[in-house]
Every structure is written in C-alpha cells, then in structure tokens.
Amino acid sequence: MASTEIAKILLENKAVKLSFNPPFTYTSGIKGPIYTDNRVLVSFVKARDVIVEGFLAAINENKLEFDYVAGTATAGIPWAAFVAQKLGVPMIYIRPEPKGHGTGKQIEGFLEAGKRVLVVEDLVTTGGSSLKSVNVVKNEGKCICDSVLAIFTYGLGKSVKAFSEAGIKLFALTDLDELLKAAVASSFISADDEAKILEYKADPENWATKMGLI
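Residue numbers are given in numbering that gives the first Met the number 0: position 149 of the sequence shown equals residue 148, and the series is strictly consecutive.
Read the hints as simulated data drawn from the structure, not as lab findings. Please note: incorrect hints may appear among the correct ones.
Unchecked claim - List of simulated lysine-lysine pairs, DSS-like, C-alpha gap at most 30 Å:
1. Lys-141 <-> Lys-195
2. Lys-168 <-> Lys-157
3. Lys-114 <-> Lys-62
4. Lys-141 <-> Lys-168
5. Lys-98 <-> Lys-114
6. Lys-141 <-> Lys-160
7. Lys-180 <-> Lys-200
8. Lys-13 <-> Lys-30
9. Lys-157 <-> Lys-62
10. Lys-209 <-> Lys-195
11. Lys-137 <-> Lys-98
12. Lys-114 <-> Lys-104
13. Lys-131 <-> Lys-104
14. Lys-30 <-> Lys-62
15. Lys-85 <-> Lys-104
16. Lys-200 <-> Lys-30
17. Lys-137 <-> Lys-114
18. Lys-131 <-> Lys-62
19. Lys-137 <-> Lys-13
20. Lys-62 <-> Lys-168
21. Lys-85 <-> Lys-131
22. Lys-157 <-> Lys-16
23. Lys-45 <-> Lys-85
24. Lys-13 <-> Lys-45
25. Lys-16 <-> Lys-195
26. Lys-168 <-> Lys-200
27. Lys-180 <-> Lys-16
28. Lys-131 <-> Lys-13
29. Lys-98 <-> Lys-180
30. Lys-168 <-> Lys-45
31. Lys-160 <-> Lys-180
32. Lys-141 <-> Lys-114
33. Lys-13 <-> Lys-104
34. Lys-62 <-> Lys-45
Could you put the whole structure together from the sequences, leaning on the hints where they help?
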C-alpha cells in the first residue's frame, strides 16, 4: 500500500487541518500548525477499507507475528477491531489509565499471559501514549509486545528517539513528509506552508515563538 495513497485519504477526508495564526494548542501545551483527527476516517467506508488493507499489507510485508491485536483507547479501538476481524485473531483494548472502580483493570478483554501482542494506533505524535500502552501489555498483561502499527506519524525527533530507546518498532502507513508532498501536489497547501510545517517538525517546542505567535 503506497504511503502517498494513505496521505491523500487523510487530506481528502479532512482528517488533517492546518492553521498558522492562530495555531493549534496540543494537550502537551505546545502550539503547532497542524492538527490530525483520524477518528473521522471510520465514517468513510472507502477510506476505511483502504486503511485496513494498508494495515494488513504492512503486517505481511514486515512479517509481524502476534496472537492478539490491541487497540489504544479510544481512537485505536475501531482499527484494532477491523484488523482483528479480518485476521480472525482475538482483540483487547488498553485504557489510558486503570479504571477507578471495580477491578481497576487497564486492559479490557481476555488476554492470556505470555502471548504476542500488536498495538494499533491511529496517530503517533510524541509516542508517549503508544509506548505507555506497550508497557501496560508487558507489565499488566505479562505479554510480549515489540511493535506498534499506526495510520500516521508526525515523525518528530522526540518520538523517533522514544521508540528507539524503548526497543519498539513503529510501522506507520504514512507520515508528515509524505502528507506534505501530497498536499503541495494537490494545491491543498503552498510550498511556503510546507516549509513552515517542516520548521515545526524540526523544533516543535519553539516553533510558535520563532513564528512570533506567542
């Protein structure tokens, strides 16, 4: 599955939004020019099918071996379900925090200890939530987990470093560089816009200050 095709799907279905002034404010407090909401993609059947086929192709091409598919709550859950259903394998999902009542579980569904688990995400920004889910699978689930599959990654230096240090492989269907190329080619953004977004990618923490936005 071509990375360019997935990038075009994100653009055509308005999963990606751009705003330079004002910029978007992320949960980390950092301000940036791009916001990605892949949750909208589950509502578009054709786009959904292409992405699921992309996941299956990535699994085959990279020879990923696993016994369970795990979705990250909440955005990764539908994609994990689609993949698990296609492959006929069990699925679980991982809460961002343990339940505050009942058994206090963070993993929902039955997970047999010692099994191999593939984590499915919709988006990787800094990598923190993905790697947190991996650790839950390892520590609470007592399972093997060394790979994360995602629709899109910004490819920020922070996330690349985090995955490398954790010894976890990230397989993304497309990334920011590919999306920007597709956006310029389709006149979704200008070459000047592309340059500004690449400046954000290079230094997200200081981008807004450099642009005179704060």
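Which of the listed hints are not met by the structure? 1, 14, 19, 29 and 33
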